[in-house]
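Engineer: Chains as they are written, first to last, in the numbering used here: chain A, 23 to 268; chain B, 143 to 489.
Hints are not guaranteed to be accurate.
[Said to hold, decoys possible] Residues from chain B that face chain A, not an exhaustive set, calculated with beta carbons under 10 Å:
id	residue
1	G201
2	R205
3	L308
4	Q318
5	F341
6	K346
7	T350
8	N372
9	L378
10	G379
11	A383
12	G387
13	G431
14	E432
15	D433
16	T455
If you're looking for bench data, these hints aren't it; they were derived computationally from the structure. Keep in mind that this is a model prediction, so the values were computed, not measured. All C-beta atoms in this analysis are idealised placements derived from N, C-alpha and C, irrespective of residue type, glycine included.
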Amino acid sequence: MSLILSDFTVRAGRKCLLHIDSLTLPSTGLVGVIGPNGAGKSTLLRALAGLVPHGGTKHLEGAWPQPSQIGFLPQGFAVSAAMTVAECVLLGRRERLGWRITADDRTEVARVLALLDLSVLATARMDRLSGGQQQRVLLAQRLLRNPRLLILDEPTSALDLHHQLEVLNHLRTLAQDILVIAALHDLTLAGRFTDHLVLINNGRLGAASAPGQVLVANCLDPVYSIRSELLPDRHNSPVVVAHRVD
Amino acid sequence: MSVSTQDQSGFGRSGLSRMGAVGAALIALAALMVADLVTGPAGLPLYDVLQGLRDGPSGENRRLATILWHLRMPQTLMAALVGCALGIAGLMMQTILNNPLASPYTLGFSAAAGFGAATVILFGAALPVALWIGVPLAAFAATLTAAGLVYLVARYRGAAPETLVLAGIAVLFLFQSLQSLLQFMAAPEVLQQIVFWLFGSLLKATWTSVQVLGGILLLTLPLIAREVWNLTSLRLGDGNAASLGLNVDALRRRVLMLVALLTAGAVSFTGTIGFVGLIAPHVGRAMVGEDHRFGLPMAGIMGAVVLVAASVTGKLISPGAVIPVGIITAIAGIPMLLGVILMKGTK
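Whenever a hint applies, use it, and build me the whole structure from the sequences.
Structural biologist: This is how it looks when you write it as C-alpha cells:
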C-alpha cells in the first residue's frame, strides 16, 4: 500500500500552480521534495496538508488521514508569543485539551521534548528563542499529535549543521513507522537521508525515484540551471556541488 | 504585580500561582467596588454602607437604601460589568487581529453605537419609544449592524487581520461621518445630549442595564470558554495555528461576533468608554501570561478594576458634579499601563 496522487491539481483562479498526473510513494519512509524556488514544493505540501483546495485524488493506504493525524510544519514559523516552550508544545494536542492540564498531557510533552533534545528549554520563552530553536520546538509540537503523515516545509532551513543532522536523524527514525515528506534545499543532505526524492519544476513533476536516480546531472542541471558536479562520498550518496552555467 | 513561579515542566506560571493572581485581582476589585459605593455626593460613611448592604434594598433606613441600592449600586455593578465586557472583548480583539493596539472599538463598533444613539436622541420625539429604552436599543442595533458588515466582508474575502482592519476602518469612517452629519443637523441642546452620551457615563446605569449586560455576559461566557485553546493557539501565528487543524477564518468570525455582542452590551447603556479595552488585556497578560484560560478572566477583572477605579476617581475629583467616567478611564488606567511597561523593561 502507498500514497497515490492522481491528476492532482492546485489552482489560483485560472492559473494552474501545480499539476501532477500520477505519483506513487511508499506508505512509510522519508520522502524529500526538491526543486528550485517557486517550483511548487510548498504548494504541494500545503495541498497534501489540506490547507489549500486541490483537484484530483490523494490516497494513503486507501483513505486520506484525518486532519488530526497529519502534522504539518510550514515555513514562516516565527512565534512572538510570550509562552513557554512546554506551553507551546502542549498546543499540539489542542483538540484534546480540557480546562485542566492532565498528567498525561505533561508526560507526552516531556516525551517529545526529550525526543528532540529540548528538555532543557522547557521553561524558556518562545519569543526569546533563536529561529532554529523555535523550529525544533514546533517540530516537537507536531510530533505530539502522533501523526500518521508528517509534512515539513524546509524543516532544516534555520538550523545549524549539528541540528540539521539531529533533526534529519529524528525524521529517519520516525519514518520507520510513518510517512514523512519534507521539502529540502540541501541536495547532499537530501540524498543522504531520504528514501525517495520528488523533484518539482514549474509546477510539474520532474522526477520521482530513489535519490541515486534523481541526483544525476541530466535531472538537476536543466531544472536548477546549473552545471552539477556529483562527488562520491562514503554514504553512498553524492555530494552535490553546483557550478554556474556561463 | 506578576505572580511568577515556573514549575520545572515549563507550563508557565503554575496554575496555582495564576489562580492566586486572579484571586488577588478579585479582592482588589471587591475593595474598589466598596470604595465606589462609599464615594458620592451624599457622603455615606463606610459603616453605613456596610449596614445598608446587610439590610438590603428594603432596609428600614429608606434614605440609605435608596441611595445605596437605587442610585449607587447599579452604577457600581455597571462599572464592573462594562469593564469586564470591554476587557474580555479587548483581549479577544487583540488576539484575532494579532495587534497589541487593538481594542473593542478598533473595527468601528463604538462609532456605530454613537450613530445609533445620536439618531434616537435627534429624532426621539417622533419615535414611539421613550429615550431611555430607545437610545440603548438603537446603539445596540447599530453596533451589531457594524459587526455584521465586517462579518460579511470576512465571509466573502476571508478573515485575515488586514481584511478585518480595512473593513473595520471603512465601517468606522462611515458611522463617524453619519454621526457628524447628525451632530451638524442637531439643535444646540440636542447636540449637548449627543456629546454627553458619547463621553460615556455610568449615570445612565439602571438595574435594567445591569440585568441586560449581565445576561449578555452569562450568554457569551460559555461560548468564549469553548474558544480558550483556539485563541491561545492563534497566538502562534496563522500559519502554525492552521497547520494544527484550526480553521482560523471561522474562529475569527465567531470571535468577532462575540466581541460585537459584548461591546454592544457595554456601550449601548453607558456610551463610549475608551481605554479600558486597550489596557486591561495588557495588564492581564502581564500577570498570567498568554494562556487564555487565565488571560480572558484576568482581562475581564482588570477591565472592571480600571473602570471602577475610574468611577471612584471621577467622584473624588469633583464630588458635587460627577465627571463622565469615559473622561477619567485614561487617567485612572495610565498608572497601571506604566507599571506594566516598567515591569516588562526590568525583566
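Engineer: So, for every hint listed, does it hold in this structure?
Structural biologist: The hints, checked one at a time:
Annotation: G201/B was flagged as interfacial toward chain A, and the flag is violated, the nearest CB pair being 40 Å apart, outside 10 Å. A distance limit of 10 Å between C-beta atoms decides the matter here; for R205/B the minimum to chain A is near 46 Å, and the interface restraint is violated. Proximity of L308/B to chain A is violated relative to the hint, the smallest CB-CB distance being about 21 Å (cut-off 10 Å). Hint status for Q318/B relative to chain A: violated, with the closest Cβ pair at about 32 Å, above 10 Å.
Below 10 Å, beta-carbon pairs count as interface contacts, and F341/B has none with chain A, the closest being about 35 Å; its hint is therefore violated. Look at K346/B: its Cβ only gets to about 36 Å from chain A, farther than 10 Å, so that hint breaks. With its C-beta approaching chain A no nearer than about 33 Å, T350/B sits outside the 10 Å limit, and its interface hint is violated. Interface restraint check for N372/B: the shortest CB-CB distance to chain A comes to about 7 Å, inside 10 Å, so the restraint holds.
A distance limit of 10 Å between C-beta atoms decides the matter here; for L378/B the minimum to chain A is near 5 Å, and the interface restraint holds. Nearest Cβ of chain A to the Cβ of G379/B: about 6 Å, under the 10 Å cut. The hint holds. A hinted interface residue such as A383/B counts as satisfied when its beta carbon comes closer than 10 Å to some beta carbon of chain A; here the least separation is about 9 Å, so the hint holds. For the restraint placing G387/B at the interface with chain A, the shortest Cβ-Cβ distance is roughly 4 Å, inside the 10 Å limit, so the hint holds.
Annotation: interface hint on G431/B holds; nearest CB of chain A at approximately 7 Å, less than 10 Å. With a least beta-carbon distance of about 4 Å to chain A, the hint placing E432/B at the interface is held under the 10 Å criterion. Of the supplied interface hints, the one on D433/B holds, with its beta-carbon coming within about 7 Å of a beta-carbon of chain A, less than 10 Å. The interface hint given for T455/B is violated, since its Cβ lies 30 Å from the closest Cβ of chain A, which is over the 10 Å cut-off.
In summary, the numbered hints that this structure violates are 1, 2, 3, 4, 5, 6, 7, 16.
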